[in-house]
Amino acid sequence: MKHLIFYVLKVELNNLRIECMDLFKGTKIYSIVTGTCPVCQEESMYVENNPYKLSSIFKMHERCKNCGLKYVIEPSFFFGAMYVSYGLNVGIAIITFLISYLIVGLSVLESFFALIGMLIILIPVVLRLSRNIWINIFKKYNKNAKQV
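Note that this note's numbering has the sequence shown beginning at 1, numbered continuously upward.
The set of hints was computed from the structure by calculation and includes no laboratory data. If you're wondering where the values come from, they're calculated on a predicted model, not measured in any experiment. Even for Gly, the Cβ is constructed at its ideal location relative to N, Cα and C. Do not take every clue at face value.
Simulated restraints, written as ranges between beta carbons of each label pair [unchecked claim]:
1. Glu74 - Val125: 21 to 27 Å
2. Thr34 - Ala93: 24 to 30 Å
3. Ile99 - Pro75: 23 to 29 Å
4. Glu43 - Ile137: 42 to 48 Å
5. Glu110 - Ile73: 40 to 46 Å
Taking lysine-lysine pairs in the BS3-like style, the calculated list, with each CA pair at most 30 Å apart, reads [as the list claims (entries may be wrong)]:
6. Lys53 - Lys65
7. Lys143 - Lys70
8. Lys143 - Lys25
9. Lys140 - Lys53
10. Lys143 - Lys59
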């Protein structure tokens, strides 16, 4: 019975999460957060959806199977995502330091270690988010994207 309750709660949470994300379908936020194709928002750009599976963190599909968008628009296209990654990491560092120092009450040194730990833990997520943001700068959603 206990397992059934947890399963029902998990299903309810997953359905709620899916319904909430469907509200954003057609926006850049949807594509950035979900990692889907920026044009049709139907297929994941990544071979493995889990960013913490480090063996395939950089592996992306060559093209979208739904609309045919080529993800690597030109050679070294995602080098520009390094600038986005830098900005995201600075934001994470500032927020982590402020929370650990001002709210939790850690010392400056302890807050610094918390900051370093948070940045290390979030490396795969920041890498994916920065790539998603970078490609969404150049491509926009097209609800009439044709299937190839």
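Each hint, compared with the structure:
Separated by about 25 Å at the C-beta atoms, Glu74 and Val125 satisfy the suggested range of 21 to 27 Å. In this structure the supplied range 24 to 30 Å holds for Thr34 paired with Ala93, their Cβ-Cβ distance being about 25 Å. About 40 Å separates the C-beta atoms of Ile99 and Pro75, a value inconsistent with the hinted range of 23 to 29 Å. Glu43 and Ile137 have their C-beta atoms about 20 Å apart, which leaves the hinted 42 to 48 Å range violated.
The hinted range of 40 to 46 Å is satisfied by Glu110 and Ile73, whose Cβ atoms lie roughly 43 Å apart. Proposed proximity of Lys53 and Lys65 is supported: the alpha carbons are some 23 Å apart, at most 30 Å. Taking the CA atoms of Lys143 and Lys70, the gap is about 17 Å. The hint holds against a cut of 30 Å. Between Lys143 and Lys25 the alpha-carbon distance is near 10 Å, which keeps this suggested pair within the 30 Å criterion.
In summary, the hint linking Lys140 to Lys53 is supported, as the alpha carbons are separated by about 28 Å, within the 30 Å threshold. With a C-alpha separation of about 26 Å, the suggested pairing of Lys143 with Lys59 holds against the 30 Å cut-off.
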